[in-house]
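Q: Please model the entire structure based on the sequences and the hints provided.
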Amino acid sequence: MSVETLEYTAKDFSSDQEVKWCPGCGDYAILKAVQKAMPLIGRKREDIVFVSGIGCSSRFPYYMDTYGFHSIHGRAPAIATGVKLANPNLSVWQITGDGDALAIGGNHFIHLIRRNVSINVLLFNNRIYGLTKGQFSPTTNLGQSTKSSPQGTIDNPFNPGELVLGANGHFFARATDTNAKALTAILVEAEKHRGASIIEILQNCVIFNKDIFSDYTAKDVKLDNQVHVEHGKPMIFGANSDKGLKLNGFKLEIVTIGEDGITEDDLLVHDAHEEDNTLHMMLAKLQMPVVTGIIRSYGEDSFEMRMKKQVEEVEKNSPFKSVNDLLESGETWEIK
Amino acid sequence: MSVETLEYTAKDFSSDQEVKWCPGCGDYAILKAVQKAMPLIGRKREDIVFVSGIGCSSRFPYYMDTYGFHSIHGRAPAIATGVKLANPNLSVWQITGDGDALAIGGNHFIHLIRRNVSINVLLFNNRIYGLTKGQFSPTTNLGQSTKSSPQGTIDNPFNPGELVLGANGHFFARATDTNAKALTAILVEAEKHRGASIIEILQNCVIFNKDIFSDYTAKDVKLDNQVHVEHGKPMIFGANSDKGLKLNGFKLEIVTIGEDGITEDDLLVHDAHEEDNTLHMMLAKLQMPVVTGIIRSYGEDSFEMRMKKQVEEVEKNSPFKSVNDLLESGETWEIK
Amino acid sequence: MGTTAIKEVDKVVIKFAGDSGDGMQLTGTQFTGTSALLGNDIATFPDYPAEIRAPQGTVAGVSGFQVHIGQAHIHTPGDSPDVLVAMNAAALKANLRDVAKGKTIIIDTDNFKRKDWEKAGFADDPLTSGELREYHVIEAPMTTLTRTALEGLGLDNKSMVRSKNMFALGMVYWMFSRPLDYTERFLKGKFGKKPEILAGNIKALKAGFNYADTIEAFSSASAVLPADMEPGLYKNVMGNEATAWGFLAAAEKSGKELFLGSYPITPATDILQELAKHRHFGAKVFQAEDEIAGITSAIGAAFAGDLAITTTSGPGLALKGEALGLAVMTELPLVVVDVQRGGPSTGLPTKTEQSDLMQALYGRNGESPVVVVAAKSPADCFSMAFRAAKIALEHMTPVLLLTDGYVANGSQPWKIQRTEDLDDITPHEADKSMQNWQPYERDTASLARYWAYPGQSGYEHRIGGLEKDELTGNVSYTPENHEKMTYVREEKVQRVANYIPELEVDGSQEGDLLVVSWGGTYGSTLTAINKCTAQNKKVGLAHFNYIKPLPKNTAEVFSKFKKILVAELNQGQLVKYLRGELPQFTYQQFNKTQGLPFRVVELNHAINKTLESN
Amino acid sequence: MGTTAIKEVDKVVIKFAGDSGDGMQLTGTQFTGTSALLGNDIATFPDYPAEIRAPQGTVAGVSGFQVHIGQAHIHTPGDSPDVLVAMNAAALKANLRDVAKGKTIIIDTDNFKRKDWEKAGFADDPLTSGELREYHVIEAPMTTLTRTALEGLGLDNKSMVRSKNMFALGMVYWMFSRPLDYTERFLKGKFGKKPEILAGNIKALKAGFNYADTIEAFSSASAVLPADMEPGLYKNVMGNEATAWGFLAAAEKSGKELFLGSYPITPATDILQELAKHRHFGAKVFQAEDEIAGITSAIGAAFAGDLAITTTSGPGLALKGEALGLAVMTELPLVVVDVQRGGPSTGLPTKTEQSDLMQALYGRNGESPVVVVAAKSPADCFSMAFRAAKIALEHMTPVLLLTDGYVANGSQPWKIQRTEDLDDITPHEADKSMQNWQPYERDTASLARYWAYPGQSGYEHRIGGLEKDELTGNVSYTPENHEKMTYVREEKVQRVANYIPELEVDGSQEGDLLVVSWGGTYGSTLTAINKCTAQNKKVGLAHFNYIKPLPKNTAEVFSKFKKILVAELNQGQLVKYLRGELPQFTYQQFNKTQGLPFRVVELNHAINKTLESN
Ligand SMILES: Cc1ncc(C[n+]2csc(CCOP(=O)(O)OP(=O)(O)O)c2C)c(N)n1
Ligand SMILES: Cc1ncc(C[n+]2csc(CCOP(=O)(O)OP(=O)(O)O)c2C)c(N)n1
Ligand code: SF4
Ligand code: SF4
Ligand SMILES: [Mg+2]
Ligand SMILES: [Mg+2]
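Chains as they are written, first to last, in the numbering used here: chain A, 1 to 336; chain B, 1 to 336; chain C, 1 to 614; chain D, 1 to 614.
Since the hints were derived computationally from the structure, they do not count as laboratory data. Even for Gly, the Cβ is constructed at its ideal location relative to N, Cα and C. Treat the hints loosely; a few may be bogus.
What the hints assert, rightly or not - EDC-like mimics (lysine to aspartate or glutamate), calculated; alpha carbons at most 16 Å apart, straight line:
(1) B:Lys251 x A:Asp276
(2) B:Lys321 x C:Glu257
(3) B:Lys285 x A:Glu274
(4) D:Lys432 x A:Glu46
(5) A:Lys321 x D:Glu257
(6) C:Lys11 x C:Asp79
Stated by the list, open to error - According to the in silico footprint, chain D covers these stretches of chain C (three or more CB under 8 Å from chain D):
(7) 278-290
(8) 365-378
(9) 547-560
Unchecked claim - Some chain A residues flagged as far from chain C (calculated, every beta-carbon gap over 12 Å):
(10) Lys147
(11) Ala182
(12) Asp215
(13) Ile236
(14) Glu259
(15) Asp271
(16) Tyr298
(17) Gln310
(18) Asp325
A: Now the structure itself:
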């Protein structure tokens, strides 16, 4: 089974394990998109590692014919960090759910982002705990009734994008399970980015939170209710490509080209690479339309690069070439 | 010792325990400021609870003659949440350090903020682990050499303000240990705010991170390097009160009144109450000058208010008036 | 194929098995409810895959529900089914080895096509291969029959096929002479707003009943007469539900508000979900961001005067260890529920096991004693939750209540205990009459400190996780104080023994062998011991609800038997604890770690072997 | 006041005590270093407050450093000082009760003013009250003398006063005929860039030396001759430092890169800090956001092929429980170091205790066996860290290494072990010669699975926390597989017994009493046993470095003695474990839980009592 060429196809990344999600679950499409992205990232299969926590989404590694680790709830960012630091040559992917990443795993999530370790994080946001059968998560809509909130939730949700950027995130993208093509393209970019790349994927849990994103993803509304941004391109959207985003003081305004004298030139041009994240925050925050695509991608040395550099530097300058040198250093005395 | 009047003085809040911080530690001034604020918040002493984690700063509750809980490392937000939900009538204060709140306690910290439980969080940010003697923390400056980073840290720090706002925080203020008066005033406002109020206090650890904030707090530079914002007031600062902040596209610009035709009218007027946090993010992010004062204070129902409402509503509508009613509900049968 | 295998019986075990989507849990609970109303004693055990929807038609995707009904007292869901309902080939494959020769198997032949039995892992068609020769097999094309019955109701194919579980239920109702009205009532409640679905379900139910009445496969229907139960008002309860209610009752009796801090985890989530329904009792249910916040929020609530609870399962308990130590140090009342599942690590999340006992006793840094108790049956969860809360509030100590997936998801008829019949609970609070109250002042008998909490004027004080002065509760590092406090914390827990029931022995009160068990295995061990008694063997059963401290008369009970056999669903945890606490006795052990409960035959086999050994 | 109490001795215990800011740790380590270079055997124990700077002049703020030097072999820092240096009244108050009558006390009278002794908690001036009548007291106004000596160097008052610890050290150097050059070298290194401070310190040191030479309080200087040590190159090591070096050596010997995932916590932080200095060995030191990330990052690194370590203390270990279970299930090599401190909860962070043993053995959900080993002295930390890494890598199992605050902060001369003299370490890796490698395929002798990790082509596989199939490692919920895997995980750990040294007995090899101890108490128990031997008592010592599994000859050793006494710094944890594992023996126990090490006299007293009892 050892494919010694890099001419992989998506099928080369499909493991022998039966996929066990509910029929209709959005996870299937994401799995497909990932398997499609793999041949495009130019990495050998043995150099790819998928690490996950616990949840429906976290079963993902079993289905990828790469190295994989289905770990414990919430801890995948730390495990993935260990994997990456142990061997910076690996391409490391973290799979996580909204509960796994933002409830129990929230701390590791923000620290992975802060440290900027080169790990691609796929956050399957279905706004519910799937595996444990339907309790609310930190992204569940305010007031929604679930198994554990029969009278409706009373806590404000996180917006993952805002949290990522607030934690000093350098790469944030948003995708949907219904647009596999866009997702695949984002994944390839995420892998290229040095540092932590977070991709929020709006994912349909057909059993416990069916169609929660249909306002964005349903065929008839998706063009009007999604803005797909691309670096260097104006922010145009709409079924007729006649809507756009424009800056108005501290806020983004939705305008129509052709109305009130608005032309394409009035629209914001996306700058994903800008160090300052003000625009990215505005885009991440927008509720209707929702913004998809790579919202922020600011490059800088990653954590593992800095660590490697430091190790090399110290190695060069240290008087100790072996452990014996260290052990015999300092004040010693001989007994004859 | 039971003072049955609300005419407290700061001294009434001083416990019989000896204060054990290092001579010169910024914590002393903060303790004073808090003891001064207490008589101003109009709460009875027995209704005030201080909850802390572990760290130099977290010894704080021992020194307050109120109810107090010196708990375990990082968990104070959750403990404080339990206290507040058990008895929403209490005035609950959390004391925490940059390690306690942002390293081990990061998850509880952001969830407290997201849920918006009415707790006043005093984050003593000395950018170091004091109690364990000088390791770097998640706010330590990049590249700084510490006990555990002899060759300098390699991870980007959190900016607590950005994190708070990214976690959907409704109240964020910044203060310094050298300006007790401003701090006291902020504390009084924090207590009035419904929901979680986070106050970052730049605190000098004279032993392990001495003068790390002196660029902001030293007598000769503080007026030029700090902008103290107040809701409804223009953002003016400087030793001669001639500098100000102005919006320029996505960024804040520092301008001088009188230069380039700039007048006070060109300056931004602070709006802490605005629901959209774009301005607050910009202010929180600013590095030089640093912004102090109440940066954001947006009011909404707090978590415990919503919980109380829900409990009352369900109580009113439920067929069960006692546990017996519940036990005997549903399908039952009698055996004679 | 033999002739009808079911005659008049006083007990019967039925297992409904099918695909995860086939509605077997519902079918099982309906049969249970109907039988309960008829006055049978009952025990049930659901058994489903860890996946939400495991792949259709595979053994991994089989969902089952076993119910044991009887005229005599029932203590377990039964070792093996007298009747197996297999809705597809995988369900047959998964359960066949549990069915004894000569028993009845009802099969939906529509799901036994080649692709079905291949997917299920049969080498050959089981209906023709002769594999089932020694069983009483009833073949019915249930899917087709259901579809036919429902034609004309305007239902789509999917809805029609979905009703086949009601057809199967109807057949089984006929076999055991059960009326249909309980289920009809249930269906009306559930599908009241969807009249076609309702009509379809009822029609399928009746069609199944009539089909069984018609075909010749059954020579007769059997009746299981009502059990001889204590008079009173009954309802059927699941363990987790009973746990939740026990806490609600404890809150009412103690006059405290209930606070639950919890994070969902299988198989404990139901307790959280049940309590979330009962905000009308002022129950403050807080779904935390993780298990640590679950317990620490509860500790905060306990500090502020609530009856504080946290619920979880094994991996979650591991996360709570550090905070539990804080509750030990601060001596606050707190109940921690661990619904055990198969371990280690994520292990077997939907399977049962008793392997968290050592963790419960010792899973924290330092000398950190807590009270440890366990529930022995679904209904007992009510009593033990109530008792755990009572001990916590009266002795100012954390209490760990162990249940397991087996009792948590199992159900049982329960004689409803009205709150006025429960013991009183008197929280150990400071009161105004105390002179110069000190935070760590203690009751001389129980060694409990006196609880005072925010809102009470004159009691302002500070506590925390550092070692406390024995009286003031201020931080103290002095060697003598630490040694004394270490002793006091342990002794306080040990003295709870003065307030709990003594150990009772089932079966022989003295003699050759004492079987020792604890927690959720009671039904199995009791049934096994009853068999021994019937065979005049001198075997007794000491079943532990209270583990730390041990009941006061434990050594006395142990000393009355020649041998002691400790039976547990782990590799020997209670037995290790007993060896440590009561080293004067010699213990033998019987262990099982398969994610499954004991079968009675296994126990009897082990008992006999122990009796014979020397 | 008596006459000079110190005569020629072959051992002496000196305690330096003063305010936290008085530099007593430095003084103590200087005396230690100088004596080590002279060839004495040594043991040290620092003892400081939990606060960074506790309030000046109070007993809570006293910082102490005890050093035991000898010509004979030294195993403990000594029960009680022969010489106490008390830099202020609080230091006297805190230590007086440990000093036997007739011993020497050196006092800085400048800090014995009324406000000083009042603050320290004396009712009366100790210098005049007669309290010190039976001691040999040497009074010196050290602060004043230092200030006078340094006049003219241009130092401010604060810097002058700060040098008084060098004055005290100089006095003690004179008393024990020590040369000054070691300390002079040290000072030059430390203050090279601050010439005035350097000059001041050296001047103070010499002034103290000369002062002692001059005054009449000492009748003579004493010499402690070099100990009779094995030939070789020595250095003085602290336990935590030695632990770090042991891992560096193991990484080099195994050809693996070292990964440390850790979160600071007293008293374990030094290991992290020491390793952070050694990035030149490619040591990847990762200061995580908490203990859970510490261990899970290490698990990730182990999965990816590194020698992975995580270090912590009790409360941190409690947090690591869940993840440790994952390492058990995934059978990855991992070393967890727990530097024990006083518990429960935050407890006594700077004090020593052995109360995490049960947590180490059982602090996780499910049946979750790991190897548990412990270090017996500061220098032994090197060997046991190395051994722990070797077992982890060769047996594919997590290993828990227990040390404690006492050995971690204590120091001892160590005969440097060059890496070529250490055992080889051969990680249990899959190799190309294996046909059809399977993730859970095992070595038949050790039962270790074969490690394969990312980057290796053809070994792609997936592991996780759910129960694994015994061969493929795929998820498996089948009952038989679970039972088998439960057995295999335990058996694999038990078989480590085939690869570790047998238990050795100190003192009598058979006889009346076997003292059993483990971990950091070895120095004390050995000294106590040596005393017994000297008195011709038939007492042996079985000291455990390896706890799970127990050495193979444990039962054989135990059976050679009439009585067994288990001595531990807890309430009886090893004894409970032994009762569970080897129930055929009767154990007595001696326990201490004061945050302090055993004193030898306490042990001898307990031994004698046990010998006399029946
Ligand atoms: C320590 C621990 N706590 C709780 C659980 C139970 N649990 C498993 S998955 C899950 C949440 C799943 O939600 P999410 O991460 O959103 O994933 P999804 O199933 O929706 O893909 C929970 C609470 C667990 N396995 N381990
Ligand atoms: C579970 C646990 N881990 C680690 C520690 C050790 N510890 C105590 S305080 C602290 C960090 C203190 O830093 P910070 O929160 O910034 O407080 P400061 O002392 O600077 O005020 C650490 C790591 C602990 N007590 N408990
Ligand atoms: S429960 Fe929801 S998220 Fe989980 S597999 Fe089913 S559809 Fe997908
Ligand atoms: S170590 Fe730093 S933060 Fe801690 S008490 Fe001393 S000065 Fe303050
Ligand atoms: Mg989810
Ligand atoms: Mg700090």
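Q: Hints the structure violates: just list their numbers, smallest first.
A: The structure conflicts with hints 7, 9, 10, although it agrees with all the remaining ones.
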